[in-house]
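> One letter stands for each residue in the lines below.
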Amino acid sequence: MATEANGEEGGLALHPMAQFEVTPLFGGDTVAWYTITNVTLWMAIAVIAVTALLVLGTSRRAVIPSRVQSVAELAYGFVYKMLEDITGKEGVKYFPYVMTLFMFIVMANFVGLIPMAFTTTSHIAVTATMALLVFFTVTVLGFVLNGGKFFGLFWVKEAPLALRPFLAIIEVMSYFVRPLSHSIRLGGNMMAGHAVIKVFAGFAAIAAIAPLSVLAIGAMYALEILVAFVQAYVFTILTCVYLKDALHPSH
Amino acid sequence: MEGDIVQMGAYIGAGLACTGMGGSAIGVGNIVGNFLSGALRNPSAAAGQTAMLFIGIAFAEAFGIFSFLVALLLMFAV
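So the protein sequences, as listed, match chains A and B.
Just so we're aligned: the first sequence equals residues 3 to 253 in my numbering.
Just so we're aligned: the second sequence equals residues -3 to 74 in my numbering.
Note that these hints are calculated values from the structure, not bench results.
Glycine residues also receive a C-beta, built at the ideal position from the N, C-alpha and C atoms.
Keep in mind that a hint or two might mislead.
[Stated by the list, open to error] Label-pair restraints from in silico Cβ distances:
id : chain 1 : residue 1 : chain 2 : residue 2 : range
1  : A       : Y99       : B       : G5        : 40 to 46 Å
2  : A       : P117      : B       : M48       : 50 to 56 Å
3  : A       : L163      : B       : A73       : 39 to 45 Å
4  : A       : V73       : B       : L32       : 40 to 46 Å
5  : A       : I38       : B       : L32       : 45 to 51 Å
6  : B       : G18       : A       : L228      : 31 to 37 Å
7  : A       : K83       : B       : L12       : 30 to 36 Å
8  : A       : V216      : B       : G5        : 33 to 39 Å
Take these sequences, add in the hints, and give me the full structure.
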């Protein structure tokens, strides 16, 4: 962790992982579960931003929508169509949950892109909470709605009988690895992108390659805006796919 | 510098684990390339398949993410 910019050869001016440090906001250096940290702050900002967008967007429901209303309507229609396409009419009941997930993730990702902001979704602890919630929701829902038939998810009827036990093992494994890949996909993508930006920012301290590094930061930032949206989309669409498994477990 | 051979092994392992990401990149490129070639032949059907495209990308990407996780574990947790 080199603090002097020109101290040693090859040392970066700022450590790329330093931006992910969880620090208490109001003094002290122990982080307990009740401590208000920068994670708490930026999560609260994301929640407030989502609430503001949706409340402001729907407060004056004009026939010719304002900009805020258009964005709110677009977001609603986008998530609704995604859910309906994948799960069918039965899945529409779970729209509030999916919409909440999508709006929170997309807003947390975008808020994290503000310079000096903290990206809450880059932490596995945050994404794993959401992914585990999806996992347990889907599992409980699957057993409540289908009872023992939910095991049909692991018993591939189309395959030859001799192959089915082996496929069942693979299916069970892939079922339990879901929350892992679900959470690390979002967290890893956000963390990697922000770390790359900070690596280029570290190179900007060397005068000879500073213009190139600033250009690279600009390009990476543009890519990160795309990634922020696509990862929220992927997280939500996988939630929809898992919900579909709970609603229609037969393969 | 001397004797810390476990640390060295962990770093080498982290670097090797990153090669897994290359395989995942090939997979993602394959999916998108095939989607594009299909979409250009029948553009009217393409819009309905973007969800499938992203689901496929997500599953192909998962293995790159697992190797990334292994690299991270080797760097920071072992």
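> Run every hint past the structure and note whether it holds.
Taking the hints in turn, this is what the structure says about them:
1. Distance hint for Y99/A and G5/B: a CB-CB separation of about 44 Å, consistent with the stated range 40 to 46 Å.
2. A hinted range of 50 to 56 Å for the beta carbons of P117/A and M48/B is inconsistent with their spacing of about 36 Å.
3. Between L163/A and A73/B the Cβ separation comes to about 43 Å, which falls inside the hinted range of 39 to 45 Å.
4. At roughly 29 Å, the beta-carbon separation of V73/A and L32/B lies outside the given 40 to 46 Å, and the hint is violated.
5. The given range of 45 to 51 Å is respected by I38/A and L32/B, whose C-beta atoms sit roughly 48 Å from each other.
6. Between G18/B and L228/A, the C-beta spacing of about 21 Å breaks the proposed range 31 to 37 Å.
7. A hinted range of 30 to 36 Å for the beta carbons of K83/A and L12/B is inconsistent with their spacing of about 43 Å.
8. At about 38 Å, the CB distance of V216/A to G5/B agrees with the hint of 33 to 39 Å.
In terms of the numbered hints stated before, the structure departs from hints 2, 4, 6, 7, listed from lowest to highest.
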